[in-house]
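Novice: Below are the chains, spelled out letter by letter.
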Amino acid sequence: MAVAPTSTALNEPADSVLCAKNLTVGFGEATILNDITVNIGRGHATALIGPTGSGKSTFLRALNRMNDRVSGYRRNGEVTLEGESIFTSGMDLLDLRRKVGMLFQRPNPFPMSIRDNVVAGVKAHRMAKRHQFNDIAEARLTQVGLFDAVKDRLNKSPFQLSGGQQQLLCLARALAVEPDVLLLDEPTSSLDPVTTERVESLIANLVPSISVVIVTHNLGQAQRVSDQTMMFFDGELAEFNTTKELFTNPQHPLSSQYVRGHIG
Amino acid sequence: MSLVRTEAASPSNPGPPSDSASVRERLRNAETVLWHRGTFVAAVLPFLGLAFAITVVAIKGWPAILVNGTHFFTGSTWQPGSTYGSTVYPHGVATPQGASYGAWPLILGTVQSSAIALILAVPISIGAAIALTERLPRSIARPANFAVELLAGIPSVLFGLWGILTLGPLLARDVYPHIASIMPDVPVLNFFNSPTGHGEGLFTSGIVLAIMIVPIITATTVELFRQVPSLNQEGARALGMTDAEVTHSVTIPWVRNGIIGASILGLARALGETIAIAMISGAILGHTAQNIYSPMTTIAATIVSQLDSSFTDATGFATATLAEAALVLAVISVVVNVIARFIVHRTGKLGGPVGRG
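In order, the protein sequence lines correspond to chains C and A. Per this note's numbering, residue 1 is the first one in the first sequence, and the count goes up by one each step. Per this note's numbering, residue 1 is the first one in the second sequence, and the count goes up by one each step.
Derived from the structure by calculation, the hints contain no laboratory data. Misleading hints may appear alongside valid ones.
Stated by the list, open to error - Not close to chain C: a few residues of chain A, all C-beta gaps over 10 Å, as computed:
1) Phe73
2) Asn232
3) Thr242
4) Ser309
To be verified - Now the in silico label distances, taken between C-beta atoms and shown as ranges:
5) C:Glu245 <-> A:Phe146: 33 to 39 Å
6) A:Val186 <-> C:Asn134: 35 to 41 Å
7) A:Leu150 <-> C:Ser71: 24 to 30 Å
8) C:Gln160 <-> A:Gly127: 28 to 34 Å
9) C:Arg69 <-> A:Arg24: 24 to 30 Å
10) C:Ser71 <-> A:Arg24: 47 to 53 Å
11) A:Ile140 <-> C:Glu138: 54 to 60 Å
12) A:Ile154 <-> C:Pro193: 43 to 49 Å
13) A:Ser181 <-> C:Arg69: 54 to 60 Å
14) C:Ser162 <-> A:Gln227: 21 to 27 Å
15) C:Ser71 <-> A:Trp35: 50 to 56 Å
16) C:Asn134 <-> A:Val56: 45 to 51 Å
17) A:Leu150 <-> C:Thr52: 39 to 45 Å
Here the structure is a predicted model, which means the values were calculated and not measured. We put the beta carbon where it would ideally sit given N, CA and C, even for glycine.
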């Protein structure tokens with residue numbers, strides 16, 4: 001189906017943290033993303049919505065090059081971070097991933113103590129001295145509201161924590177490396193409503209100092225946490241608009257059907 | 001399930017005739033009983049096997065245990081005594097005059113050769129498993145993995161023959177002299193700094209044992225690495241970790257307990273390895289290894305090499321002594337396993353969740 005995008009130019013390149021230009025991504029024969037051009041605003045929370053298989057997760061994973069290792073991966077077009085291509089040899093992949101952090105669908109703690117989990121990235125990027133690790137861990141756990149729950153077991157395994165606590169730990173870990181952008185791939189899909197609300201308010205508090213890009217199937221969540229929304233359909237960007245406009249006055253027939261629950 | 005049963009019992013739907021139903025019921029009961037008893041037997045058999053094996057060597061070795069006493073663990077003599085002399089009766093046990101058995105060199109040789117094998121094999125195996133699961137392209141990794149599994153099944157006599165014909169002489173000529181020449185004359189390291197011999201001895205035994213157990217540890221570790229969830233590895237990658245850091249801080253810790261278990265499996269094989277060691281150890285009785293190149297022997301190799309001549313001892317004391325040696329080997333294996341379990345228990349608490357996540 002031809003999507004015939006009606007995207008609005010919301011952000012000038014100068015106000016954008018990440019820009020995709022004619023980005024096409026495929027795996028083997030299948031083309032997953034087709035010719036995406038979009039500017040993701042600096043200091044905004046951008047939601048990516050669309051039916052399953054519409055390419056929104058692939059787009060998210062293109063922004064920190066997590067697709068690179070998937071077999072059959074091919075790419076055309078360009079993505080820039082603060083004006084600099086993320087694909088050139090000048091862009092250090094490890095540095096890109098420090099600047100563009102990620103939180104996954106399900107919590108994925110590392111097999112090390114809770115404290116070591118929080119500072120794992122700090123250690124890898126040599127961002128602090130060993131004697132500072134304790135303070136960093138405490139500060140980040142406090143930031144995500146987990147410190148009181150785990151302060152007596154910082155040396156213990158994270159796998160005894162509940163799923164929601166594990167996801168908060170992963171958020172603390174992602175924040176510890178001081179990213180400019182945080183990519184969230186359905187971060188609350190495995191969480192209970194109370195923890196979901198907590199994660200949502202934490203995300204809301206990150207903006208504008210951190211730009212947030214969040215994939216979600218939960219349209220209520222998209223409206224609660226984001227101020228700009230990209231509507232994907234069939235590998236194309238059907239509409240890019242302010243969240244308010246997209247949900248109240250959608251420009252594209254597909255987004256109009258999707259937000260009213262008629263497709264997807 | 002319950003829905004179907006309710007329907008069958010209801011008057012409006014009487015179900016199949018009652019006699020065939022009761023036959024079916026009886027069959028199912030018989031099947032259940034058979035299943036329970038079968039699994040019970042299967043569960044108990046390994047313990048019975050272990051108990052039987054240990055009991056047999058303990059009974060057969062009992063006379064030797066009485067006579068040899070603690071000298072068996074501390075002494076280094078291996079004197080079968082005079083077959084033509086008179087029989088003497090210490091502790092009421094018939095022994096040839098002059099018989100004196102001390103297994104210390106055997107015990108030490110067993111532990112030393114297996115320790116060398118493990119020290120060499122574990123890092124190589126982990127490296128090979130990383131290469132096979134993460135570094136090599138699938139077109140190479142698949143046949144290589146198959147080759148590793150084949151290698152695990154090669155009879156040890158082949159390794160022994162290869163060790164004595166090819167590897168031993170090669171090491172003695174081209175490798176050992178270089179190692180010996182760079183080792184300083186300080187404690188521990190001077191164990192390496194000495195005449196290097198002809199290639200039959202402790203170091204060659206350890207190396208051949210390592211080659212034999214690398215496939216076992218590698219094949220098991222490859223399976224373990226495949227079980228590490230990619231979500232957690234991706235998390236590390238998304239944090240900006242290098243491939244080496246992902247392996248080091250996520251993949252290996254995730255399966256640390258399993259790697260220890262795989263290593264113990266390899267160690268158990270090294271401890272009990274018989275024929276290859278009998279061929280390449282230099283099979284010297286009565287001396288501990290003076291340096292890492294010295295000829296030595298192990299418990300298992302001694303049992304197989306001395307068994308034939310032990311039958312010439314009409315009192316049966318030589319055979320009883322070999323049974324005692326076998327009992328010591330069994331105890332060493334059990335102790336090693338218990339220690340390994342203890343290590344797993346102590347260090348495993350931060351490892352990957354078993355049956356979760």
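Novice: Next, verify each hint and record whether it holds.
Specialist: A quick look at each hint next to the structure:
1. Phe73: 41 Å, holds
2. Asn232: Contrary to the label, Asn232 (chain A) does not stay out of reach of chain C, its closest Cβ about 4 Å off (not over 10 Å).
3. Thr242: Violated: least Cβ distance 6 Å, not greater than 10 Å.
4. Ser309: Non-interface label stands for Ser309 (chain A): nearest chain C Cβ at 53 Å, farther than 10 Å.
5. C:Glu245 <-> A:Phe146: 33 to 39 Å: For Phe146 (chain A) against Glu245 (chain C), whose Cβ atoms are near 59 Å apart, the range 33 to 39 Å is violated.
6. A:Val186 <-> C:Asn134: 35 to 41 Å: Holds, at about 39 Å.
7. A:Leu150 <-> C:Ser71: 24 to 30 Å: Holds: the Cβ-Cβ distance is about 27 Å, inside 24 to 30 Å.
8. C:Gln160 <-> A:Gly127: 28 to 34 Å: 32 Å, holds
9. C:Arg69 <-> A:Arg24: 24 to 30 Å: 54 Å, violated
10. C:Ser71 <-> A:Arg24: 47 to 53 Å: 51 Å, holds
11. A:Ile140 <-> C:Glu138: 54 to 60 Å: Given range 54 to 60 Å: violated, Cβ gap about 47 Å.
12. A:Ile154 <-> C:Pro193: 43 to 49 Å: 59 Å, violated
13. A:Ser181 <-> C:Arg69: 54 to 60 Å: Violated: the Cβ-Cβ distance is about 46 Å, outside 54 to 60 Å.
14. C:Ser162 <-> A:Gln227: 21 to 27 Å: 23 Å, holds
15. C:Ser71 <-> A:Trp35: 50 to 56 Å: 44 Å, violated
16. C:Asn134 <-> A:Val56: 45 to 51 Å: 58 Å, violated
17. A:Leu150 <-> C:Thr52: 39 to 45 Å: 44 Å, holds
Violated hints, in rising order: 2, 3, 5, 9, 11, 12, 13, 15, 16; the structure is consistent with all others.
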